[in-house]
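> These protein sequences, in sequence, are chains B and H.
The numbering of the first sequence is the working numbering, which starts it at 631 and goes up by one.
The numbering of the second sequence is the working numbering, which starts it at 631 and goes up by one.
It cannot be assumed that every hint is accurate.
Identical chains share a label here; the pair holds if one copy fits it or two copies do between them.
[Claimed, not checked] The list that follows gives simulated cross-link-like pairs (lysine to aspartate or glutamate, DMTMM-like), each with its CA atoms no further than 25 Å apart:
hint, residue 1, residue 2
1, K907, E870
2, K652, D737
3, K777, E798
4, K633, D737
5, K838, E743
6, K908, E752
7, K688, E798
Please keep in mind that the hints were generated in silico from the structure rather than gathered at the bench.
All of these numbers come straight from a predicted model, not from anything done at the bench.
Protein chains: 2
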Amino acid sequence: MDKKANSIIYINGEIHSPENAKISVFDRGFLFGDSVYEVTRTYDRKVFLWDEHYDRLKKSSTKIGMHLPFSKVFLKNEIEKTMERLQNKEVFIRVIVTRGEGGFSLDPSTLTENNLIIMIKEMTRYPECWYRDGVHVIIANTHRTNKDSLDPAIKSGNYLNNVMAYMEAATQNVYDSVMLNSEGYVTEATTSNIWVVKGNEVITPPLKAGILEGITRKTVIKLAKENEIKIVQRNFLPAELINGDECFLTSSTKEIVPITKIDGHPVGDGGPGPTTKKIHELYRSFISQQ
Amino acid sequence: MDKKANSIIYINGEIHSPENAKISVFDRGFLFGDSVYEVTRTYDRKVFLWDEHYDRLKKSSTKIGMHLPFSKVFLKNEIEKTMERLQNKEVFIRVIVTRGEGGFSLDPSTLTENNLIIMIKEMTRYPECWYRDGVHVIIANTHRTNKDSLDPAIKSGNYLNNVMAYMEAATQNVYDSVMLNSEGYVTEATTSNIWVVKGNEVITPPLKAGILEGITRKTVIKLAKENEIKIVQRNFLPAELINGDECFLTSSTKEIVPITKIDGHPVGDGGPGPTTKKIHELYRSFISQQ
Numbered sequence: 631m632d633k634k635a636n637s638i639i640y641i642n643g644e645i646h647s648p649e650n651a652k653i654s655v656f657d658r659g660f661l662f663g664d665s666v667y668e669v670t671r672t673y674d675r676k677v678f679l680w681d682e683h684y685d686r687l688k689k690s691s692t693k694i695g696m697h698l699p700f701s702k703v704f705l706k707n708e709i710e711k712t713m714e715r716l717q718n719k720e721v722f723i724r725v726i727v728t729r730g731e732g733g734f735s736l737d738p739s740t741l742t743e744n745n746l747i748i749m750i751k752e753m754t755r756y757p758e759c760w761y762r763d764g765v766h767v768i769i770a771n772t773h774r775t776n777k778d779s780l781d782p783a784i785k786s787g788n789y790l791n792n793v794m795a796y797m798e799a800a801t802q803n804v805y806d807s808v809m810l811n812s813e814g815y816v817t818e819a820t821t822s823n824i825w826v827v828k829g830n831e832v833i834t835p836p837l838k839a840g841i842l843e844g845i846t847r848k849t850v851i852k853l854a855k856e857n858e859i860k861i862v863q864r865n866f867l868p869a870e871l872i873n874g875d876e877c878f879l880t881s882s883t884k885e886i887v888p889i890t891k892i893d894g895h896p897v898g899d900g901g902p903g904p905t906t907k908k909i910h911e912l913y914r915s916f917i918s919q920q
Numbered sequence: 631m632d633k634k635a636n637s638i639i640y641i642n643g644e645i646h647s648p649e650n651a652k653i654s655v656f657d658r659g660f661l662f663g664d665s666v667y668e669v670t671r672t673y674d675r676k677v678f679l680w681d682e683h684y685d686r687l688k689k690s691s692t693k694i695g696m697h698l699p700f701s702k703v704f705l706k707n708e709i710e711k712t713m714e715r716l717q718n719k720e721v722f723i724r725v726i727v728t729r730g731e732g733g734f735s736l737d738p739s740t741l742t743e744n745n746l747i748i749m750i751k752e753m754t755r756y757p758e759c760w761y762r763d764g765v766h767v768i769i770a771n772t773h774r775t776n777k778d779s780l781d782p783a784i785k786s787g788n789y790l791n792n793v794m795a796y797m798e799a800a801t802q803n804v805y806d807s808v809m810l811n812s813e814g815y816v817t818e819a820t821t822s823n824i825w826v827v828k829g830n831e832v833i834t835p836p837l838k839a840g841i842l843e844g845i846t847r848k849t850v851i852k853l854a855k856e857n858e859i860k861i862v863q864r865n866f867l868p869a870e871l872i873n874g875d876e877c878f879l880t881s882s883t884k885e886i887v888p889i890t891k892i893d894g895h896p897v898g899d900g901g902p903g904p905t906t907k908k909i910h911e912l913y914r915s916f917i918s919q920q
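Only chain B is shown next, with the shape it has when bound in the complex (with noise of 0.2 Å):
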């Protein structure tokens, strides 16, 4: 399958075909990762939760010391703008911002005009047997970034981490890898939020753990506490995940999540638990009120 296909590229204002999408090698994206980003998706045709992530790409940006030229709302239209492009079609959003073109220095204190790249592409079906059979994961050898090195609360272009996580689920013929902090305790997989149910209780880490402040993180608690669902925010360990009467993961594009099997074990009877579900339908009549 090409991984291009049914997608629409937009450059600093131009919109490309994928096969013309390209940005100058001298771009710091491309030579250090310095580029912020976020990804989120259509629901009938309308950019879901626009807001937040703008607000989390300008929060991106200020952590790492970049000025962010694009307000919203001209953000918003370039999306929409480069949507058309692909009619009647739910689509994927990808957007970045780089730090702009500069010399082999990692000073970017010359730098004047950032890059902006939007990438659309068709929103293709999941696979239904995820949130039917729920998903398998592992626990990785490769932790998560510690804070204070580069907080991953920071949605930036260097995901090298997260892949090398995403590799080590591959190779066991796994859905994803969930990630630990140098301190043991659960942080995040690769690309989603992690939460596990236990009795009552729902439970989360916490973002000094060192994690992305998702979205769908936000409106479950959001959620939660509108439907009397108790929700905890604290650090725990893998054993937690495990023991757990039920897991999910939550992610911007794939919703809700069941996991069911972790390094082999069977979470709760191995099937989506009934607080899984139950959050899942509350985020889903969400979506359908936005």
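Once you've looked at the hints, dock chain H against the given chain B.
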């Protein structure tokens, strides 16, 4: 100053002007920093220590689970072919190999062809004062990435950690930052290895501290042994740097750069010391023998 001036770029066998040197936005080097690279230079138009640089490129590839399909001889030949376009000039050389082009998933298993980029630029002379007076550095608040998240021994396209440490130095108008690991031990500067002279010992952090195994570092260790200079590889705290008799940095492009001030405190008598000068002389003599 145009940062791209006096450059020539090779991409997968074709040679481009810097303005036309572009790579797909689907390249994993651009999306995730999923690439490895090496930087060297010429002396007398000869590629300096290519065997050593190639071996490290191979090590970096292996560590990120990427097959390197290019041989030492092939790459050297391609570098030399590209260099010819900048005749009679000493050049800076950056060789980048990415995991190729794919979709938006972290999964690299379906990728087939790596992208190979060789960036050549006319060498500019470094300021004479760096060597005559030494440079000033600070101890960065940004810690070096831990070995168990993304081993600093991997020379990869994930350099935002170093960019952020460099920016701390730039804010304080000094040459560079020294980065500590999460245990508080000195690791390296943002693009150089670091050394401290105390009494008759020349001390440098060990590989286990989480550092790049510098080619110049290796050469200095070899030259020191041959010349009865005592080298010690061990962990040390920043206080030992500040209280050292001399400090210096080593890098393939900049050779030996004395550090004369750390966090505002002069090192030793505040000027480049005799051991630093002696090591630079030995290094220059080594260069002339290549």
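> Decide, hint by hint, whether the structure agrees.
Structure-based check of all given hints:
| no. | hint | verdict |
| --- | --- | --- |
| 1 | K907 / E870 | within (20 Å within a copy, 57 Å between copies) |
| 2 | K652 / D737 | both (24 Å within a copy, 21 Å between copies) |
| 3 | K777 / E798 | both (22 Å within a copy, 16 Å between copies) |
| 4 | K633 / D737 | between (34 Å within a copy, 12 Å between copies) |
| 5 | K838 / E743 | neither (33 Å within a copy, 39 Å between copies) |
| 6 | K908 / E752 | neither (28 Å within a copy, 63 Å between copies) |
| 7 | K688 / E798 | between (32 Å within a copy, 20 Å between copies) |
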